[in-house]
Amino acid sequence: MKAIAATFLAATSLALMTQGASAQAGSKTLDLIKQKGSLTCGTNTGLAGFGLPDDKGNWTGLDVDLCRGIASAIFNDPTKVKYIPLSAKDRFTALQSGEIDVLARNGTWTQSREAELGLLWVGVNYYDGQGFLVRKKLNIASALELNGASVCVQQGTTTELNMSDFFRTKGMKYEAVAFADINEAVKAYDSGRCDAYTTDASGLYGSRLKLVNPDEHIVLPEIISKEPLGPAVRQGDDQWFNLVKWTHYAMINAEELGVTKANVDDMLKSPNPEIKRLLGVEGDFGKGLGLSKDWAYRIIKHVGNYGEAFNRNVGEGSPLKIKRGLNALWSAGGIQYAPPVR
Amino acid sequence: MSLDAARERPSSSFLYNPQIRGLFWQAVLIIIVGFLGYEAVINAATNMRARGIPTDFSFWDRVASFDINLTLISYSATSTYGRAFLVGLLNTLLVAVIGVVFATVLGFFIGIARLSKNFVVAKLASFYVEIMRNTPLLLQLLFIYNAVLKPLPNPRDSISFGAGFYLNNRGLVMPDPQFAPGAGFILAAGLAGIVGSILYKIYAKRRQAQTGEILPVARVSAALILLPPLMAYFLAGQPVSFEMPFLRGFNFVGGVRVLPEFVALVLGLSIYTAAFIAEIVRAGILAVSHGQTEAAQSLGLSRSQTLKLVIIPQAQRVIVPPLTNQFLALTKNSSLAVFIGYPDLVQVFAGTVLNQTGAAVQVIAITMAVYLVISLITAFIMNLYNRRMALVER
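Protein chains in written order, with the working numbering: chain A, 1 to 342; chain B, 1 to 394.
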């Protein structure tokens, strides 16, 4: 009943609020956010490293840092964000209906989600791939040995579809046990209802921390899909799309230029013209985004650059200890690459 | 008569005719409501189209490419979304029908137990009713699923009941009956046995009315229903064999498996609804005046005969209408399946299909229509039954 009510609410609000949304197509999401005084950001219901409230109730994570970055750019205050935790199956409806301004919820960028759901991905803040988490005592070393296994999964994800493709192409049988909520899915796996739990590899490391005995579980080496994760916005507001996209790029550019949260004030005096442009010392690159010219300075001052956010949330500085890998800068052997501020 | 009345009325403008005025305002109301509805639909469709969100039902025939772990009809990841809808619908109906049967039986027993003269039985029953009625259903479902079913052992350490029955945290595994040609005879024999037992009951009733002799209906019926299929089974050369489940790899292969999610949902729904049904049954029985019991006893009927022949038939008139509500509530509550991973209509269709296709409005509209139709059909059947039970006024 509750689920029906929630989805029905979402659908009605979609039907009714689209009226408001179409009226705002001419005006901008940005103006509405300034009016409200805060950014409304759709986050995960609880995934370590990406979106999770800490013991004081503050949201933390790589996705959350992007929301904080956007709020910093607009309000010069990273706390002016209202977080709406969303399950995988409700997230796109929430964005379509205008309930949230940006969806920063480790969502995979796919063709159909842009072509059919009316959304746009602004970029990739984490290059990921799908993997499997199993118990060590099963003694299996490869996902190819999962024939006949029961696999817990969160429904409404690309994961659910990739898994089906994977088992079908390998000619293996399996049982998919789908849950609406990620926490229920992990709990079901932990209690032994499933032999394996599957999601994006980064999520597996995050979820493993929540298990009763994390050390009794391993992530299998196979990565069975491409999962470019990133924030998404509604179609129809290019300025807002640009603002979110360049918040993401500003953080990557800052890392590339060596601008950090700690040294950003010193960097204002840097002779490097690229840094001068980024921090708004030279030229005004914020205007076209509807922001002040020190927009990127604010982001870095409050949140830090991409490398710092990565390290703090999912990398060596976090319990997840995930290597940069594909997510290193292009200049350091990865594929994170941002167009220049110019 | 009406013509005379019209002629007698003082002639005045039809504007002052109360009947016409009434019709006018009703028409205005209908137009306003219709217009609002129309505007809402058109507005939503226009806005959805403007954002590239699908507004049609073309997704219905597209390949679903996700799997479902309980399918009553053949389904695979290469089936269509339409097929996935059917799978979800059947799973919902399965839970609803079985839940309704369990809840009714359990509810009747608890309701009668609450009126028991035995202090312990009556208190236990009211304890049950109070606990179940006053805690949220979702909580009960999660409790049954997480605390009762999931601690079961993994497949390798299954609890074995012998004869191919195993219980583990993947569910209850049972032998799968395989029907060879000739199995039809067993079914036919079974049906014949049922018809025979009904005829015998009619005969016994007439016999009792004529001579007062009471025939052993229960024992004869049991024999009539059980023996013919059994004989047919051996005469047709044992056409039913059982595919035994065996442990291979992660889980049992072969046999049929009852999912723990299914068990949790059926148990949760029927235990919860039974508490309400128990109260309805109790109220119904109390509504039958005590004089009826006294009259029955003075005729020499035993306590159980009094209950069966005098009290319950009269209580049913009071019980059936609110019982219908409980059946509808149980069916609708089955959508809580999403929280424990049972693939019902809401989980499969309003969950995964909605999310994969993005057709939120269409999918929710279909889902609501389906629940509406199920509820209306249930109510219709129960109303028919109620009409038969109701007091016939002469």
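Mixed in with the good hints there might be a few duds.
Cross-link-like lysine-lysine pairs, in silico, BS3-like; alpha carbons within 30 Å at most [said to hold, decoys possible]: (1) A:Lys136 - B:Lys150; (2) B:Lys150 - A:Lys137; (3) A:Lys187 - B:Lys332.
Simulated from the structure, these hints should not be mistaken for laboratory data.
Is the Cα-Cα distance between lysine 187 of chain A and lysine 332 of chain B 30 Å or less?
-> Cα-Cα ~26 Å, so holds.
Decide if the proposed pair is consistent with the structure: lysine 150 of chain B and lysine 137 of chain A, CA atoms, cutoff 30 Å inclusive.
-> Given that 30 Å is the threshold and the Cα spacing comes to 19 Å, the pair holds.
Verify the proposed pairing of lysine 136 of chain A with lysine 150 of chain B, using a straight-line Cα cut of 30 Å.
-> Distance of about 20 Å is within 30 Å: holds.
In summary, the structure agrees with every hint in the numbered list given earlier.
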